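Novice: Hey, can you work out the whole structure from these sequences and the hints?
Take -6 as the starting number for the sequence shown in this note's numbering and just add one per residue.
It is worth saying that the hints were derived from the structure and are not from the lab. One or more of the hints may lead you astray.
Claimed, not checked - Straight-line distance between alpha carbons at most 20 Å, and here's what the computed SDA-like set of lysine to any residue pairs gives:
hint	residue 1	residue 2
1	217	258
2	217	235
3	217	145
4	217	175
5	217	168
6	217	244
7	217	144
8	217	188
9	217	287
10	217	251
11	217	264
12	217	261
13	217	250
14	217	201
15	217	259
16	217	161
17	217	146
18	217	190
19	217	236
20	217	237
21	217	246
22	217	179
23	217	249
24	217	238
25	217	143
26	217	248
27	217	242
28	217	239
29	217	255
30	217	252
31	217	229
32	217	227
33	217	228
34	217	194
35	217	263
36	217	185
37	217	257
38	217	243
Here the structure is a predicted model, which is why all the values come from computation and not from measurement.
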Amino acid sequence: MAPAACVPTDGGGCVPSFLFDSTAWPVPGDAFWAWRGAFAALFDVALPSPEAVAGFAARAEGFHLGHLLAARLQGPQAIARRSGSTIARGGIHHFLVQCVVRGACRIETPEVQIQVQAGEAVVLDLSRPLLQHAEPGESLLLVVPRGLLLEQHAGFDAVHGAVLQGTRARLLARAVSALLEEAPAMDREEGYAMAAPTLSLLAALFGPAIDAAGHGVREGRLVKLVLLRQYLDTRLADPALETAEVCDRFGLSRSSLYRLMEPYGGFARYLNDSRLRRCFYDLVSAGAATRRVSDVAQRWGFQNEAAFSRAFRRMFGVSPRDVRQSGGLAAAAAPGSAPSGFDAWVDSCRSL
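Specialist: Below is the structure:
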């Protein structure tokens, strides 16, 4: 009988942990398919050749810290893709913070291509597509619920692929490494208490990089952009929201509004994509199976269900009904039941 892909342990009051070690599989190729399945909620993983599958070797160990997942991954050269269909299938819209300890990776998003070297860290928005080409090496990972990180710094929602370098990156890696080293000795209360200071540390270290880079937006414009986005996010359910109203409220011309929203593809694109993501979150939330797709669409300003379904499929690669069905199945797991793998662990904090 093949071993389980990931073996979570729940030692009474201890911090729940998981371990994947490819040496547990007599056949390395079998270990790869188990690895691929274990992380399916986050990425579709592929290796560069059949020979690489046959010689697969990897290890992952991590801990569930209540509002955070922390892990150390060691693996071979690999390609990890997060497409629209992966996003829709898994229902995960967290942030992933990756500290590269050994090796390097190249990350491609629809907007940019970045190279992350050993000793650097990157924050990735898991609600958006990406493709990662990883060299053989080791990384430290934090999977962070979206809302908790945005409470620390609203600018996190405007970045996808911001890289941390130098002293700040080293401080973060040391902090995550120390957290992983000490977690086995922590009880649940101690482990869960680590979430708040870890979130504060992420904001302190990434905040200046986000503000300085601004993704091409100057400081004054960045402040206005954050305020504008906060306002729009409170009005997404209003189908009457129009450009003229926003321009009047913020003292902008139409051309200035477009330039300000250009990193998101413009004002209309931002509204449309944000509303589609809200629909997506509703469709994978608890109780979604009892909701009509048309009701979810109308709640977020889509009056035509057919047009909504086409736009949803273009963005996520699957229909809203398929997403509702998969979300309902995930939510139907018995409350308090032990997750069966790392993918289930990520699912368990999906609603945070």
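Novice: Are any of the numbered hints broken by this structure? If so, which, sorted upward?
Specialist: When the structure is compared with the hints, numbers 4, 5, 8, 9, 16, 18, 22, 34, 36 turn out to be violated.
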